[in-house]
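Engineer: Read off the chains here:
2 protein chains.
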Amino acid sequence: MAPRIDFQTDPSQLRHWRVEYAGEVATLYMEVDEQGGLFDGYELKLNSYDLSVDIELADVVQRMRFEHPQVRAVVLRSGKQRVFCAGANIRMLGGASHAHKVNFCKFTNETRNTLEAAAAESGQHYICAVQGACAGGGYELALACEHIILTDDGSSSVALPEVPLLAVLPGTGGLTRITDKRKVRRDLADVFCCIEEGVKGRRAVDWRLVDELAPNARFDEIVSQRAREFAARSKRTEDPRGIQLTPLARSIADDGSLSYSCVTVAIERDAGVVNLSIAGPREEPPACVEALTAEAADNWLLRCARELDDAILHLRFNEPDAGVIVFRSSGDPELLVAHEKFFLANQAHWLAHEIVLYWKRVLKRIDLTSRSLVAFIEPGSCFAGTLAEIVFAADRSYMCEGEFEGDDRPPAAILLSDANFGHYPMSNNLTRLQTRFLGTPENIEQAKAKRDTRLEAAAAGALGLVTYVYDDIDMEDEMRVFLEERGSFSPDALTALEANLRFAGPETMETRIFGRLSAWQNWIFQRPNAVGEQGALKRYGSGQRGVFDKRRV
Amino acid sequence: MAPRIDFQTDPSQLRHWRVEYAGEVATLYMEVDEQGGLFDGYELKLNSYDLSVDIELADVVQRMRFEHPQVRAVVLRSGKQRVFCAGANIRMLGGASHAHKVNFCKFTNETRNTLEAAAAESGQHYICAVQGACAGGGYELALACEHIILTDDGSSSVALPEVPLLAVLPGTGGLTRITDKRKVRRDLADVFCCIEEGVKGRRAVDWRLVDELAPNARFDEIVSQRAREFAARSKRTEDPRGIQLTPLARSIADDGSLSYSCVTVAIERDAGVVNLSIAGPREEPPACVEALTAEAADNWLLRCARELDDAILHLRFNEPDAGVIVFRSSGDPELLVAHEKFFLANQAHWLAHEIVLYWKRVLKRIDLTSRSLVAFIEPGSCFAGTLAEIVFAADRSYMCEGEFEGDDRPPAAILLSDANFGHYPMSNNLTRLQTRFLGTPENIEQAKAKRDTRLEAAAAGALGLVTYVYDDIDMEDEMRVFLEERGSFSPDALTALEANLRFAGPETMETRIFGRLSAWQNWIFQRPNAVGEQGALKRYGSGQRGVFDKRRV
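Residue numbers (the numbering used here), protein chains in the order written: chain A, 1 to 553; chain B, 1001 to 1553.
For reference, chain A alone in the conformation it holds in the complex (with noise of 0.2 Å):
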């Protein structure tokens, strides 16, 4: 077995990065530490980066929104000589499973993403400073910032080299953005995608490739000065001092069952099948924002959205195996609608507004998570309010209705709030509801007249909220066949088809990377030319060049 690959790390283990607070502005250094890989056989040189290093900038971001909210502008910059970065690397990518580099290429992409948010929702502005080479991955990294500032040093220069250089596409964001965030002409972007070596100078800011040029001897003062600027422009209006991101209690068993304080995954290895259960809220919500704030990562929101989001990432890289993730729950819906009712009262506090923006991330993780997602829907369970954004997420649900045999809990039900109609929008944009119900927006305005009723298995059924309604004597049969019929299918038919179920309706930058772009790029990790034997991804530092099969298909 692989090694297990964990997602949580903290400030005083980062090897890659470095980051100073100064105020309203912090810098973050990309200093990728070149032994600290992930896996053996690859140094990490000119600044390029593995999974290793993605995981300690999806840290380095999320901290800086709870830790540090302070910071209303971030600069990003090389802590190295001569290279800002030079991507992904390719003699990791060129001896990875093409499973790895799928979910290596889909965790890079929802970091990316991190950065847009921090901006557009906390007024945490990005800004890329660019010295040095910065190419394929690198490039891709600067694009997810607000700005980009470009020394003119007559050799430092962005490029996206992956064409002709490794015979695959910049995937991670890297033509999405080109295109519909900087709005490069496009025969220009085809041009630009095809120099190995990039663009520098003016031309870079001609072709809208970078914001703004600025004279080498004078860079560090005009970065300096954008981002007091940005940081000005912050749209937020408080001064609020951080929380700590104390480490989660996790624990994982032999078997590889995690327990962490309210979430639990269980596995079943030889049916594929991962139960993952999370347990709502026993405590009473904070009664005050200086009650929340003493909670800090105590509080059962902000604990359980980081237990959810640990488990999720875990299982995509750690249990590939595992096809189907069962989500089950169990509590008191009504205290845990409680709970979000102080969270939506108080979403001018700034923890507050966080935690509900961290649920949307972690949501939206699920969304896009390669597995089928089943909720089960049983006696005693919790799907209020958040956790019901859980059903809503999954590819199917079944509900039981009416009292089970030798279960004294109460019915199972669906509890909706306000939290459902509006708080937790998808990579389309629209809420899971207004997905769901695309062709019978009606049902959405009875579905919000019934917020705050438990909804039993009937109910529930006939606003449409669930797929399935079995009783006692029907339930577990229906369950059985639904995971062994799912373990039957071919688990790459079953990605593509939820890939392209899941977000019907609009369009936004966000689904077009993770629907078009990195369908494409998956197509392409399979293509001899890229991945053969004499593949130039996989020829990639021999001195050879690659060998084509000239056939368009």
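FYI, nobody ran anything at the bench for these hints, they're computed from the structure. One or more hints might be untrue.
[To be verified] Label-pair restraints from in silico Cβ distances:
hint	chain 1	residue 1	chain 2	residue 2	range
1	B	1266	A	205	37 to 47 Å
2	B	1269	A	19	54 to 64 Å
3	B	1197	A	97	54 to 64 Å
[Said to hold, decoys possible] Calculated lysine to any residue pairs in the SDA-like style (CA-CA distance at most 25 Å, straight line):
hint	chain 1	residue 1	chain 2	residue 2
4	B	1450	A	206
5	A	550	B	1006
6	B	1080	B	1097
7	A	183	B	1444
8	B	1183	A	369
9	A	550	B	1266
10	B	1183	A	506
11	A	364	B	1183
12	A	183	B	1461
[Stated by the list, open to error] Where chain A lies over chain B, by a calculated footprint (3+ residues, C-beta under 8 Å):
hint	segment
13	1099-1105
14	1180-1189
15	1391-1397
16	1537-1550
Quick reminder that beta carbons are idealized off the backbone N, C-alpha and C, glycines included.
Given chain A's structure and the hints, the job is docking chain B onto it.
Structural biologist: Leaving out everything else, chain B in the frame of chain A:
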């Protein structure tokens, strides 16, 4: 060399379809000749189809608009007992090359789109009357119709069994049309796509999979009534008589080069380059719509569209090694625009309207062609109005500046016309200039102000209409360098790069089908779980089920 696939056919040659015309209503019977497949090794049982069936369908739909414009409703039904259509022939798919599968799906998708376009643009409404099994590509054909009537005979059903049966996707628009056109609830769509035998009766209506259920005894009566209703609803006001789409004047040389009346295609096989040249009109435009009707298929604008369409399809299927298409033109730009002005002034006339709409489809076909497209704009060229769209469809354009030694033709110029500002939307529903200038919309207004003015290289370059401007000394070298460079890259990487860069901006059902769904299908078409020796697609019909690698990616 594989036998050449010919996209030209006519009513006298139909083997798979039969059409009955009765005034405003036509009935199109699918009656596939089992022995009439394009290749050996399979029989087209159960009204399953291969490319030969779709070539005929495309021809029927096209002729419906030009030869039978009085038709306002088309009933699509099976000419066979107990089966509507079993979809694409699986043995054909199992044996076809990756490139053939991908191009086959693209062409069938384009043909499905023409059914929808006929209703939206020309008031020819397609109604699907389903008796018997309607599965996979059969149901995808139904989905392209405006109204689906299913008989309630206790057995007839609609199905998308690709995932459970073949480990591939319903990739001919199926997944996109159920979520985005019919707006089927996503969990029900998931269930539907996992049921091999499909859904019948009332449930098919409840799940929005069909529009109505008809008692089998009254099926024909109800279908006829619906057809009359749709015909009555058609927005078409005229009652026109059609023209004949006479056979194309086409000759094919031994070296594979093609020659039509105004299009020529020469192939440099070693370099992988196609030189496609279009000669503008020599004759004056028609004096009046009666003259246009008399010219009929000889009219330059119609003739050129038909020839270009045929040439593009020929290149896609028969010349896979030709990775670059170089577009050139020659002629009198003002005369071409004079032709266009006649058409745009007479859009109220059905034939003038149909010809412009046909150009819209041909230009979309070019956009969707997986080859590098480049326009070389040389002295004496005729990139005006409609033909200028090809410059904007190209991935890059190279324009000659000034006098060329020994060349007494007029200097290269682009001539914009009204046609460039709204008549030819792309799949993303923007014009090519809107897509080009997403980041600088002011360029569109500047270009608009220069309509009907010859824009030589300096002016065209300043307006951002072309990628490169070179003089006499540099042009030839630069063109050569470009073609060599393009030929040195991975064809797969270029296909994916171009598919991502060509369609910035908003998404539509069409862009989702060609961008997202097709990319996922192409990925699946590479995966061992589908196409490996033990894959489900490969094994279909052998009595053995596919054996799957259970790991998710």
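Engineer: With a C-beta cutoff of 8 Å, work out whether three or more residues of the segment 1099-1105 of chain B approach chain A closely enough for the coverage to hold.
Structural biologist: It holds: at least three residues are needed, and the segment 1099-1105 of chain B offers 3 whose Cβ sits within less than 8 Å of chain A.
Engineer: State, for the Cβ atoms of residue 1266 (chain B) and residue 205 (chain A), whether the hinted interval 37 to 47 Å holds or is violated.
Structural biologist: holds, 41 Å
Engineer: How does the segment 1180-1189 of chain B fare against chain A when you require at least three residues with a CB closer than 8 Å, holds or violated?
Structural biologist: Since 9 is at least three, the answer is holds.
Engineer: Between the beta carbons of residue 1197 (chain B) and residue 97 (chain A), is the distance compatible with 54 to 64 Å?
Structural biologist: violated, 36 Å
Engineer: In this structure, is the beta-carbon distance linking residue 1269 (chain B) and residue 19 (chain A) contained in 54 to 64 Å?
Structural biologist: holds, 57 Å
Engineer: Assess, step by step, whether the Cα of residue 550 (chain A) is no farther than 25 Å from the Cα of residue 1266 (chain B), and give holds or violated.
Structural biologist: Holds - the C-alpha atoms of residue 1266 (chain B) and residue 550 (chain A) are around 18 Å apart, at most 25 Å.
Engineer: Residue 364 (chain A) and residue 1183 (chain B) were given as a pair; does the straight-line alpha-carbon distance stay at or below 25 Å?
Structural biologist: holds, 21 Å
Engineer: Taken at face value, is the distance from the CA of residue 1006 (chain B) to the CA of residue 550 (chain A) at most 25 Å?
Structural biologist: holds, 23 Å
Engineer: Compare the distance between the alpha carbons of residue 1183 (chain B) and residue 369 (chain A) with 25 Å, and conclude whether the hinted pair is satisfied.
Structural biologist: OK: residue 1183 (chain B) and residue 369 (chain A) at ~23 Å, within 25 Å.
Engineer: For the segment 1537-1550 of chain B, do three or more residues have a beta carbon lying closer than 8 Å to a beta carbon of chain A?
Structural biologist: holds (count 4)
Engineer: Do the alpha carbons of residue 183 (chain A) and residue 1461 (chain B) lie within 25 Å of each other, as the hint requires?
Structural biologist: Since the Cα atoms of residue 183 (chain A) and residue 1461 (chain B) sit roughly 18 Å apart, the hinted pair holds (cutoff 25 Å).
Engineer: Starting from residue 1450 (chain B), check that the Cα of residue 206 (chain A) is at most 25 Å away, please.
Structural biologist: The hint holds at about 23 Å.
Hint violations for this structure: numbers 3 and 6, all remaining hints satisfied.
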